[in-house]
Amino acid sequence: MTLDQKQVPLQATQPQSPGATASPAHRASWGSRAGRIAGRVVPVALAVGALLLAWQLYASRPDADQQILPTPVAVWNALVAQREVLWGHTLVTLYETAVGFTAALVAGVVFAAVIDFSPWLRRAIYPLLVVSQTIPIITLAPLLVLWFGFGVLSKAIVITLVCFFPITVALADGLRGADPDLIKLYRTFGADRWRIFHSVKLPGALPSLFSGVRIAVAYSVIGAIFAEYIGSEAGLGFYMLQKAHSFATAAVLAAIVVTALLSLALFGLVALVERLALPWYYLQSRAPQS
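If you count the sequence shown from 1, position 200 lands on 1180 in our numbering, and the numbers rise without skipping.
Derived by calculation from the structure, the hints in this document are not laboratory data. Mixed in with the good hints, there may be bad ones.
Stated by the list, open to error - What follows is a list of derived Cβ distance ranges for each label pair:
id, residue 1, residue 2, range
1, Y1038, V1237, 12 to 20 Å
2, A1104, H1225, 42 to 50 Å
3, V1253, S1226, 33 to 41 Å
Claimed, not checked - Below, in silico cross-link-like pairs of lysine to aspartate or glutamate (DMTMM-like), each with a Cα-Cα straight-line distance of 25 Å or less:
id, residue 1, residue 2
4, K1223, D1043
5, K1164, D1153
6, K1223, E1213
We put the CB at the ideal spot given by N, CA and C, even for glycine.
Let the hints inform the model, and build the full structure from the sequences given.
Next comes the structure, spelled out in structure tokens:
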């Protein structure tokens, strides 16, 4: 045996560094993922940056009235100066949103299940749900404040009314669109309606449910702000109304920025929960179509 033949197994058994163990396919996967993230973030960042720059240049003109249209820098300064006050009002709005949205989610799931179990109830309740959305919330909110006071209850009812409809309709349509062949298979094996509901219909309707939840959670903060405008003692809507009366436009815009960030955070939270709850759905959507 030659010296070169003896060195081959010794070189093969030497430990490799972690960077050397990464295969080209693995590095390509990380590169493609980073590219997808950059492709989503960079256009949005550029658009927002261009909008802020145009706003700053327009509002900084010598003839511009800063009290009517403050610059983004002035809005940022107001946001920093009022951060503690805004944080306290944000917690109030977030609590009202959580209570109203939870009530809307529970009611939406219950009503969608009832509609799915009974075709007669579907024909009776579904038109009422549609009619309920024709009532202007701007006329109903003052009455709710008059009936239930300035506390959390009146705000939660407004948020529930705003969020209830998209959740109910999305889940009801998802339950109705269940696979009929799979339902027939379950019935062949003697499954009752409840077993078919929680084993076939509900899992298949979860993507539709989350679609309705995403729409509803985007409206929930707006509903809370509007209810606080009508009558409240705290919250971001109450803060905006106070600052608008004192012509503090920068502070109003700072509160609007907080409201937008709060809505985006809740929307992102729902999207994260959806990905954790429905991994099979995203794997199936990414699978190549034959």
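These are the hints, each one checked on the structure:
1. Y1038 <-> V1237: 12 to 20 Å: Holds: the Cβ-Cβ distance is about 18 Å, inside 12 to 20 Å.
2. A1104 <-> H1225: 42 to 50 Å: At 46 Å between Cβs, range holds.
3. V1253 <-> S1226: 33 to 41 Å: About 40 Å separates the Cβ atoms of V1253 and S1226, which means 33 to 41 Å holds.
4. K1223 <-> D1043: 24 Å, holds
5. K1164 <-> D1153: 19 Å, holds
6. K1223 <-> E1213: Within the cut-off at roughly 14 Å; holds.
Checked against the numbered hints above, the structure violates none of them.
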